[in-house]
Every structure is written in C-alpha cells, then in structure tokens.
Amino acid sequence: MIRFTSSSIDREVLARVGTVLLCGAPLVWQVVLLFSGGLGANPIEALTRNLGEWGLILLLVGLSLSPLRRAFGWTMALRRRRMVGLFAFFYICLHLLSYVGLDQFFHWPTIWADIIKRIYITVGFGAFLLLVPLAVTSTHRWVKRLTYRRWKVLHRLVYPAALLGVVHYWLMVKADITEPVIFAGILAALLGTRLLPKGSLEHWLSNRTTGAGARVSRRSRPLNRPGSA
Amino acid sequence: MLIKIRNPRHPRENAVTPKALYLNRRRFLTGTAGVALGVTLGARLGLTPGTARAAALANPLADAIAQAPKGGPVLSEEVTPKGDATSYNNFYEFGADKGDPERNSGDFHPLPWTFTIDGEVEKPLTLGFEDLVSVDALEERLYRLRCVEAWSMVIPWTGFSLSRLIDRAKPLSSAKYVAFETVVRPGEMPGQRTGLLDWPYREGLRLDEAMHPLTLMAVGMYGEPLPNQNGAPVRLVVPWKYGFKSIKSVVRISLVKEQPPTSWNMANAREYGFYSNVNPQVDHPRWSQARERRIGDFLRRDTMMFNGYEDEVASLYSGMDLRKFY
Numbered sequence: 182m183i184r185f186t187s188s189s190i191d192r193e194v195l196a197r198v199g200t201v202l203l204c205g206a207p208l209v210w211q212v213v214l215l216f217s218g219g220l221g222a223n224p225i226e227a228l229t230r231n232l233g234e235w236g237l238i239l240l241l242v243g244l245s246l247s248p249l250r251r252a253f254g255w256t257m258a259l260r261r262r263r264m265v266g267l268f269a270f271f272y273i274c275l276h277l278l279s280y281v282g283l284d285q286f287f288h289w290p291t292i293w294a295d296i297i298k299r300i301y302i303t304v305g306f307g308a309f310l311l312l313v314p315l316a317v318t319s320t321h322r323w324v325k326r327l328t329y330r331r332w333k334v335l336h337r338l339v340y341p342a343a344l345l346g347v348v349h350y351w352l353m354v355k356a357d358i359t360e361p362v363i364f365a366g367i368l369a370a371l372l373g374t375r376l377l378p379k380g381s382l383e384h385w386l387s388n389r390t391t392g393a394g395a396r397v398s399r400r401s402r403p404l405n406r407p408g409s410a
Numbered sequence: 009m010l011i012k013i014r015n016p017r018h019p020r021e022n023a024v025t026p027k028a029l030y031l032n033r034r035r036f037l038t039g040t041a042g043v044a045l046g047v048t049l050g051a052r053l054g055l056t057p058g059t060a061r062a063a064a065l066a067n068p069l070a071d072a073i074a075q076a077p078k079g080g081p082v083l084s085e086e087v088t089p090k091g092d093a094t095s096y097n098n099f100y101e102f103g104a105d106k107g108d109p110e111r112n113s114g115d116f117h118p119l120p121w122t123f124t125i126d127g128e129v130e131k132p133l134t135l136g137f138e139d140l141v142s143v144d145a146l147e148e149r150l151y152r153l154r155c156v157e158a159w160s161m162v163i164p165w166t167g168f169s170l171s172r173l174i175d176r177a178k179p180l181s182s183a184k185y186v187a188f189e190t191v192v193r194p195g196e197m198p199g200q201r202t203g204l205l206d207w208p209y210r211e212g213l214r215l216d217e218a219m220h221p222l223t224l225m226a227v228g229m230y231g232e233p234l235p236n237q238n239g240a241p242v243r244l245v246v247p248w249k250y251g252f253k254s255i256k257s258v259v260r261i262s263l264v265k266e267q268p269p270t271s272w273n274m275a276n277a278r279e280y281g282f283y284s285n286v287n288p289q290v291d292h293p294r295w296s297q298a299r300e301r302r303i304g305d306f307l308r309r310d311t312m313m314f315n316g317y318e319d320e321v322a323s324l325y326s327g328m329d330l331r332k333f334y
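Which chain is which? The protein sequence lines are A and B, in order. Going by my numbering, the first residue of the first sequence is number 182, and it counts up by one from there. Going by my numbering, the first residue of the second sequence is number 9, and it counts up by one from there.
For reference, chain A alone in the conformation it holds in the complex (with noise of 0.2 Å):
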C-alpha cells in the first residue's frame, strides 16, 4: 500500500471524483439526448451505437495510462486505470442490454441467432465474454487471491477484447469506414507501445524535453503500484 500526505491524499480524492464526473458525463448526456428527442427519429439505434462507441472509446483511454505514465511519468494516471477499465466494461454492458432489451426487446430466439450468425455480433460477444473475468477481478482481494503474476496474465485479455471490439464496429458499417479506421489506428499505436523494449519510450521523451520533464519522468518510476504492464 502507498502512504499519502495529505496534500496527496486531495489530489488522489479529486482525481477519483474527476474521473468518474468525465466517464459518467456521456451516460448522462445519452440519457438526456433520450429524453430530449435528441437521438433522432430511431432513438434505439442511436443509443445502442453510442454506448457502444463509448466503451470502446473508455477502453483505448484505458489502454492509453500505462504509455502515458511511461511516456510523461504520470503515476497519477495509471491510478485510474481500474476506475476507466470499469466504467468501459459498464457503457459495454448498457450497450449489450441496450441491444438485446430495447432493439430486439428480449426476442431470445433472434438474438440466440444473431449471435451464431452474424459475425459482428459473434465478434462483439466475444469481446464481452472476454472483459467479464477482467470486471469480477479488478478488486484487490482477487489481485491477492490470484497473485500479482497470474493476475497480469489474466488481465491481458484487455487487448484480445480491445481488438475484438475494434473489428466488431469494423464490421457492422455499411460504406464509411472512416471511424473504425481511427479507432483501429489508436489501437494499434497503443498495443504498438508494448512491443517497444522497456526504456525506450522514457528514452525517446527525455531526449526531446529538456531536464525537467525527463527528470519528473525518472523521479516517478519508484511510485509504481504493480500493474503497469
């Protein structure tokens, strides 16, 4: 466990707070936009395509901390990451219940079907059935109960889903493919930070900043909870 000071202890609270404000804020807005006419004439499609875009979305800034900590020593970032892992898994399961109880309102056999069938809907079930052991696992006592070792292991699931999620939207889009494209591309950039050999992310950003960022970067390291893979 990490001690606080106190001042640190504030930043901490208010970053929990913001971080749930930012990641609950489009779940609000969808709920307005639903009450206000504002989906347009097929409120269903448009609710169900949003939330989905949004876990996706949560899910790239989730993948996003741990180069971003590496890149600009933000430690304070990582510690989100459960919290923005969470929130992903949260719009992807309003998403999913979105679906099967507004769009095809419970009719089992259409879904049951839709899901042998069509390779969108496999592909994004999938993708779902991948991020369940993720969401049961994200509390400490599952971290100790698995070890840190295995949990990590466990926990790479992350980018299989990720990928999935990705060609799931890839898939369902008629002509334009212009949002899976950057969606794609993000992924890429950010699985691509993985391959790079340990250092040379922090290497290449203290030789393009002067001393201070380099240094704030260097002097971070040591905060690292475990988990920063």
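Be aware that a few hints might be false.
[Stated by the list, open to error] Mimicking SDA-like on lysine to any residue, the simulated pairs with C-alpha atoms at most 20 Å apart in a straight line are:
| # | chain 1 | residue 1 | chain 2 | residue 2 |
| --- | --- | --- | --- | --- |
| 1 | A | K355 | B | P208 |
| 2 | A | K355 | B | D105 |
| 3 | A | K355 | B | V129 |
Read the hints as simulated data drawn from the structure, not as lab findings. Remember, predicted model here, so these are calculated numbers, not experimental data.
Please build the complex by placing chain B on the supplied structure of chain A, with the hints as guidance.
Chain B alone, transformed into the frame defined by chain A:
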C-alpha cells in the same frame, strides 16, 4: 392511369377517412392556415420560414403536388411523422450519417433539371423538370418504405407511374432492363467528393418491374415538393424492394439489353443483390430481415413478403428462386 388493385384484406378507403375530413384537410393545407403550418414544419426541420417558403415557391409543381388526388392501393397504417422522414435518411451523396442528408443538402439547388431517357428506345427524350410530369397524372400514394437496415416508414408520395414516362420514349423490343442514374454535382453534394461509393449512384430494374403500376416516379411527399434530402426534384419509389433501390435525384433513365450494374451491388455483391425484394425469409448476411422497426414504434414488427405488396407483384417472380436472386 388509375390503379385499382384492391387488396381484399385492406379496408376500403372510405372506411378509413371520412371524405369531409380529408377534403377539409386539403382546404386547410392550401388555405392561409397552411402557411402557418408550413412555417411550423419548416422551423421543426431547422429551416428558417423564409427558405422553406422559397423552396416551395421555386418548385413549379408545388400547387399541383398539394392538390394531387389520392391513388394507389389503400393502406391503413399510421403515417410516419414528416420530421422523421426528412431527418433520418440514407443519401450518401450528402454523407453516410443518417442526419447528414438534412444537414448537408442546403447547397443543393435541383432546378433547373435536365432529365434524359435513352438507350433501346425509339424516341430518346431530353426533358426539363416541368416536361417530365403531366400534371393531371400526379397522385398521392401512401406506401410502406422498408430499408435494408431493418427499419421502415409509411410515406405519402406524390408522383406518377414510371410506365407513363417509359411509354413516351417508345421502348424497343430489345429493351429488357432499365438503368437509373443520380445527378453528379460534387460541388453541391459533399458526399460525392469522397469515395464512399462509385459515383454516380446507379440503380436498375427489370423492364417489367419498371412498368409495374406500383413503380412510382415521385416529385413530392407529404403534399409538398421533395426536400433535397429525400431526392429532389424527382426520384424513384419501388415499394416492394429495399429502400436503396428507390434511387434519388434521377437525371437519366436508360433502357438496356443486359442487367445493368447497380451501386450497392458493386460495393458489396454478397450483401446487396440486384433484385433486393423485401423478403423476411432471406437474411442480409449481417442481420435478420424477418422483423423490422417501424420508425416511431418501440417493438419490432414482422416484415411482410414483398413488403406487403405480395398480391400485386409476386407474379413478376413466379418460378424464380428468391434465395438465389436476392
């Protein structure tokens, strides 16, 4: 031609709307109160009252469209609100998002319009917008519109049977298919400045499909000239086929010998066939076509064979394997 193919399952028109009521509605629309209504609708569409009125005034058929008598098969289903039909569109010439056509079609100035009928015809024609339409042929028809994306609407179109137009060009016996093309104006249509589809947008019908009395050339909807986002100034409406077959802003009709290439088929042949008849038994590879969401409804409804026009059009396809010719 007045079409009287009454589906015995449907109620007669006089059982649906009392004559006094709909006559009253006409008077209401054409009277001074109509101006107020037009302003309100215009405001809902995000148009300023000035531009809504200017667009209506610029169209020489505005009055004829407003006064067109009802025709076509009787349909006793709730009409989709006009605001939905003009704000939720697939018209890739203005962008791929459903809201793009309404948002991005403000710079499109359809008139003057030049329309060509050529190919396997005795008398090729080049027509202006007003020559295209014989005003006395205009009628208002309430049709279901079923999109391939499994949503649907019910829209009152004003237009005339395409067969009238084709007859004027005197098709040769060698004509087997009809090819349609949308206007190309990248300066006014931002989507055409992208490679979303291979422009111009192209569609096609078999000649007997094109000559079917239900096949409509529409110049208006909801008693007004077609808005830009719905395919101004003239579009095709084929109510028993998926919506993308109903090509918008048509400038050219060619009668041809061979089955013509069509845009969505060119983009993805596995998903979009030449025929694309509404068929709940033949799924789109990525989703089921068995049910649809009527815009405005919460629950989905069952999709009908040929979109409910089975009695009228099934004979066109007798003996054909509709799974193969999807």
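Violating hint indices (sorted, rising): Violated hint: only 3; rest satisfied.
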